[in-house]
Amino acid sequence: MHNKSVAELSKELESGKISSVELTQQFLDRLKSEDGKYNSFITISADQALAEAKAADEMRAAGKATAWTGVPFAHKDIFCTNGVRTTCGSKMLENFVPPYDATVTANFKAAGAVCLGKTNMDEFAMGSSNESSFFGAVTNPWGDKRVPGGSSGGSAAAVAARLVPAATGTDTGGSIRQPAALCGITGLKPTYGRVSRYGMIAFASSLDQGGPMARTAEDAALMMNVMAGFDPKDSTCIDREVPDYTATLNEPLKGLKIGLPKEYFSEQLSPAMEEQVRNAVREYEKLGATVKEVSLPNAKLAIAAYYVIAPAEASANLSRFDGARYGYRCENPKDLMDMYTRTRAEGFGNEVKRRILVGSYALSAGYFDAYYLKAQKVRRLIQQDFINAFKEVDVMMSPVSPSPAFVQGEKTTDPVTMYLEDVFTIAINLAGIPAMSVPAGFVNGLPVGLQIIGDYFSEARLLNAAHQFQQVTDWHQREPQ
Amino acid sequence: MQWDIVIGLEIHVQLATKTKIFSGSSTAFGAEPNTQANAVDLAMPGTLPVPNEQAFRYAVMFGLATNSEIGRRSVFERKNYFYPDLPKGYQTTQLEQPIVGPGHVDIDLSDGSTKRVRIHHAHLEEDAGKSLHEDYHGMSGIDLNRAGTPLIEVVTEPDMNSAEEAVAFAKKLHSLVTSLGICDGDMSQGSMRFDVNISLKPKGSDTLGTRTETKNLNSFRFMEQAIAHEVERQMDILEDGGEIIQETRLYNGDRDESRSMRSKEEANDYRYFPCPDLLPVEIDDSFIEEARARLPELPDARRARFKEQYGLNDYDAGILSADAKLAGFFEETVEHGKDAKLASNWVQGEFSARLNAEEKSVADAPITGAQLGALVTRIADNTLSSSGAKKVFEALWTGENDDVDAIIDAKGLKQVSDTGALEAMVDEVLAGMPDQVAQFQGEEDPKKRKKMLGGFMGPLMKASKGQGNPKLFNEILLRKLGG
Amino acid sequence: MSISREDIEKVAVLARIKVDDEQVSALEKDLGNILDLVDQLSAADTEAVEPMAHPLDAVQRLRADEVTETNQREAFQAIAPATEDGLYLVPKVIE
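Chains as they are written, first to last, in the working numbering: chain A, 1 to 481; chain B, 482 to 964; chain C, 965 to 1059.
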């Protein structure tokens, strides 16, 4: 059962061959015996999962089943889950059990899905290797001592290792796409505002977006059917009709105009990686697509703009972790200042502290214009590049990461080395457009991802393009040893 | 040296919305601690703000009532600082693009002149919670019920030059926001709080001096005292050749003292930036017109109408029109009491005195305007003497009985106005007092005559068992005595 | 661009994060590298470019003024570090 997709499990449950309780128990058993190798989960919520499975079976018996009813999955530990510990990968929230659900959490519950637990992640989603987690690094199922990418590294590793068929992720600068690429699975970062951010612990509010991580584009579409939609509790969520993302998966790709941004096929990309990406593009040509080169002249400034805007927003977003109302508080604070400064020094890891300090600095008197305001202007230039490019093409394709999964510890000495991991993904978040990572080959036995970038609210088209690719390739079916 | 005083005000006005500015939690005052502080107000991880439409409507109404520009596009920013009553570690407020732009308010001064005070802008923001300083094992207690209550902060230009002007402006603003119904105006509960910026400059100079800010004054009286105190403090320093330090000061009204609140070495750097959880708010014409349609009669217009409609003098009209609730009470009294002048006297006199004595607001008064009106009617038609009217008022106020006529009957307060019966009583009393009658008739001095006339009233009231109409007794006496 | 020790110490106070001397030295290097990366921005010509705060040109939706929340103090205070009489307790606040 563990090798089946969400769509397949849904059919098994529907046929009555297996109950959700049985299925959930199988997955829980496998999770408990296997995850020691990966550390992909921070919390396994077995009791709640079995209760949800029982309720799902009753829901099915009552004739109210959806495609998700009784299907196991996992949440990135950034989505608040009522009654289940939600840590965001941080010591600050090591014992935090929220008495409320994120909207995404509530949506999966309403559909009858069964959440097995909470997946590991970089602390507060700040990282590209999952090494900044307070709960330890995650191992990529494709290679011993290799990172799974980040920040949604736990979700990616768990899906790749067949511990769950699907998991939620969040993407602020590449945190769904890069781990999906490094673990050989399918991930989608939706248009900013497509998925509610309520109850999803904020890193950078104007960039964060939740999205699906699964093995197939079809499963990602099934997840989007549950995740996407207007939420009155999120002011930045867009009130716009949600299509059935599975309905258009089989549209033919004949005539699809693909753009290859020349800036994304630069010297940062290894020849072996480039070859895999170009092979994938050739598959699309076989499916009837046309290909042309496009340009994103300001894309090279994306990392610089991002590392002002994201830390600036984060510096304020993380001020609420002050030891006063929830979460970690230092031992025996001698006064208020001591409580604040020690709680935050002890509760946050180094990368989080670096970003809070950079962000505070960029916003401080005398630097605001040179850093924050300038970055916001560059952000508009970057967005304009995409708007212009989409006048010529339907989608763009590129690599997701400059190299496949690297070895743990390789990029932790200088934070900037790690930041460059997101060189092909970050501009997409600044523009707020959707993009996917689709398995597209291997280099040295490690998965390579193809990035498919779309215009605003074109998730259905991206999923369609990914699904058609997966009908003629089997990269997404490969299983790590 | 002679000094000019320069004063600007920042006024926090709590808006009387049902819910908080960014969450659906109730803003009702007086609830148990933290029972109105929910996930958003507590800044629980992942929670997000959604702004309250009514707060914007009220802010626009305020803008319209103060001749101000309305910010068609306003933007919330984050003001970053750590404090236990500020759960997010930043206050969501407006800075560059506020909801209300420049405007003005005219104030009346005691010398009969009026003065225009310019409003720089007014912005929407969230209130903080409260730190309770009682000792909890050496710790402070935090109540976040107030956190997120909507405020507008009104910032004036430094257009006021005396405590009188500043207080007149503050009172005018209080009168405006309560008349608009956008604030309950209850200063004892912090519904309006004043920060006063004060500086001195040599008389006639164009250059402004260094200013100080005295924070969180919550009564007109403290405001007046704090200004006097600060002006004197600055004057002393300047006349000794010293310099004023730009700082925030805290005034203690009970001791008439102030002290610096300036934190030691750490200068504040609030790192404002646009709040990425909120989008720009656009106010269109229809929203403004809808707000305009909701504007009630404002105090200046009401004052003019009271003079015109009820024939009140300017002073009475001014007092009765300033407070919307008092004005409403007065109009209800007139409606049931016919005689506007008498109604005005009773509302400003007995009624207001009683409220003050018991520290009650108009809304808490145990009697209605209709009841007071009924009382006024009985005074006007001579059923009640003034002393009888006071007895009826007392019975109404204490809740002994809620019907004026029933009280009059029960207490036998109805005056006898039957002239035949009264005349008979006068004849009888005068017959028994021949010496006094002779003395009166021989007296030339009108003052003494008036006093002597009073000497007959006692026996007359006694003869009528206190129910004779004193006015009629007087008339009859004068006639009989040939006065 | 480099960042001075004094700037790091100042910003650490603003951000309420305790840093010791050794950490300041490490931060001097790390933050210096990050700011070098960020300094690429200065090369961009942003004359007459409007700052972009949000990916979508949407405007704020406003909520009706209706009470939707109920008292959940018990649930929230169950996860608080210190409470008494319904209050959150923190080290003494001195104004």
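Among the clues, some could well be false.
Below, a sample of chain A positions facing chain C; criterion: calculated Cβ distance under 8 Å [stated by the list, open to error]:
#1 S5
#2 G193
#3 G255
#4 V291
#5 A304
#6 I356
#7 R379
In silico PhoX-like cross-links for lysine-lysine, where the CA-CA straight-line distance does not exceed 20 Å [said to hold, decoys possible]:
#8 K929(B) x K961(B)
#9 K1056(C) x K334(A)
#10 K334(A) x K982(C)
#11 K928(B) x K943(B)
#12 K806(B) x K652(B)
#13 K872(B) x K943(B)
#14 K1056(C) x K611(B)
#15 K560(B) x K1056(C)
#16 K391(A) x K254(A)
#17 K788(B) x K819(B)
#18 K411(A) x K292(A)
#19 K892(B) x K822(B)
#20 K286(A) x K254(A)
#21 K982(C) x K91(A)
#22 K993(C) x K411(A)
#23 K993(C) x K982(C)
#24 K952(B) x K872(B)
#25 K822(B) x K841(B)
Simulated from the structure, these hints should not be mistaken for laboratory data. We put the beta carbon where it would ideally sit given N, CA and C, even for glycine.
Outcome of the hint check:
no., hint, result
1, S5, "31 Å, violated"
2, G193, "5 Å, holds"
3, G255, "28 Å, violated"
4, V291, "27 Å, violated"
5, A304, "4 Å, holds"
6, I356, "5 Å, holds"
7, R379, "4 Å, holds"
8, K929(B) x K961(B), "18 Å, holds"
9, K1056(C) x K334(A), "9 Å, holds"
10, K334(A) x K982(C), "14 Å, holds"
11, K928(B) x K943(B), "24 Å, violated"
12, K806(B) x K652(B), "15 Å, holds"
13, K872(B) x K943(B), "18 Å, holds"
14, K1056(C) x K611(B), "13 Å, holds"
15, K560(B) x K1056(C), "23 Å, violated"
16, K391(A) x K254(A), "18 Å, holds"
17, K788(B) x K819(B), "15 Å, holds"
18, K411(A) x K292(A), "34 Å, violated"
19, K892(B) x K822(B), "26 Å, violated"
20, K286(A) x K254(A), "9 Å, holds"
21, K982(C) x K91(A), "16 Å, holds"
22, K993(C) x K411(A), "16 Å, holds"
23, K993(C) x K982(C), "18 Å, holds"
24, K952(B) x K872(B), "19 Å, holds"
25, K822(B) x K841(B), "24 Å, violated"
The earlier numbered hints that this structure contradicts are 1, 3, 4, 11, 15, 18, 19 and 25.
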